[in-house]
Amino acid sequence: MVVCERDGPPAIPAIDLVLRALADPTRRDIVKVVLHSEQSVSALARRYPMSFAAVQKHVAILATATVITKHRHGREQLVRANIDALRRANQVFDDLEEIWRGRVARMAEILTSPELGVLT
Amino acid sequence: MTVMTIEKDIGTHTMTITAEFDADIDRTWQLWADPRQLERWWGPPFYPATFVDHDLSVGSIVTYYMTGPEGDQPHGWWRITAVDPPNSLEIEDGFADEHGVANPDMPVTHMNVALTRRDGGGTRVAIRSTFASQEAMQQLIAMGMEEGLREAMGQMDAIVAQ
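As given, the protein sequences belong to chains A and B, one line each in that order.
The opening position of the first sequence corresponds to residue 1139 in my numbering, with each subsequent residue numbered one higher.
The opening position of the second sequence corresponds to residue 6 in my numbering, with each subsequent residue numbered one higher.
There's no promise every hint is true.
Stated by the list, open to error - In silico contact screen, one side only, chain B against chain A (beta carbon under 7 Å); selected entries: (1) Phe26; (2) Ala28; (3) Pro49; (4) Tyr52.
Source of the hints: derived by calculation from the structure; they are not laboratory data.
Backbone N, C-alpha and C define an ideal beta-carbon position, used for all residues, glycine too.
Sequences are here, hints too, so could you generate the full structure?
Okay, structure coming up:
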C-alpha cells in the first residue's frame, strides 16, 4: 500500500485520529471556537447542553488527536487549536482532489479528441 | 475550456466535483457508457484501467482492473444502484481480489453522477463521492496516492528542466 510520504511515516495514524476526532459536531464546534481564541475548559463547558465531564471528554479526544493543545494557566486549563494538525486533515482531501483533477482533465481531453468524437 | 469546482466536507466525508464541458449531454454520457472511453480517464496514464464486464443497468456488477508500472493489477468493482441515461448514474465502487471477487474488508465509496444541460450548450457534470467512514477515506487515499505523487514528481522534473 502506498502511503503519504510528505509528512513521514507517522502521518497516517495521526490523520486518522484527527478525522475521527472531527467526525463529531460538538468537537468540530469546539475547534471552531478555540481557533478564534483560547478558552478554558469550564468556559467551553458552559456553551453546550451537556455535563462538564462530557465536554471534558470531547476536549480530551481532540487533545489526543493533537487538534488542540491544553496548557495550565493558574487554576484554569486553557485550550487552543493546533493549526498544523488541521492542515494535515485537509491534506487528505487535497490528495483526493488531485486524483479527480487528473480524471476531469482526461475527460476533457477525450471530449475534444476528434477521433473519439465521431464515434457517438 | 473546462471549469471545475471541488467542495469537500470532512464532517460528512463527502467530496463533490463539478465540471463543465462544451460537449453535449449525450456525448458526455459516453464517458461512462463506453468502456473504451472510461478506460481512458478512470486511471492515470501509468496505471491504466481495463473494464472487463461493463453493463450500466441497475443491479449489474461492473468489473475492472488497473495495471501498474510494476505489472501489479489491483482489481475493482462497481455495483450500479441507479441509472437514468444520459442524466444520472449511482454506483458503489469497491476493491476486489485478483479473481475479481469483492473484498469485504476494503472500503466502498458511493458515487453519484449527475449530468445537466448548460444554458447555451455544453454539459455540467457533478460527481459526489461519499466515503463509508473517515477510515475508509484514509485507506482510499493511501491506495490512490500514487497518482498525486507521480504528478508532483512530473512537476518537479519540469521545473528542473527549465
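Evaluation of the provided hints:
{"no.": "1", "hint": "Phe26", "in the structure": "5 Å, holds"}
{"no.": "2", "hint": "Ala28", "in the structure": "4 Å, holds"}
{"no.": "3", "hint": "Pro49", "in the structure": "6 Å, holds"}
{"no.": "4", "hint": "Tyr52", "in the structure": "10 Å, violated"}
In summary, the one numbered hint that this structure violates is 4.
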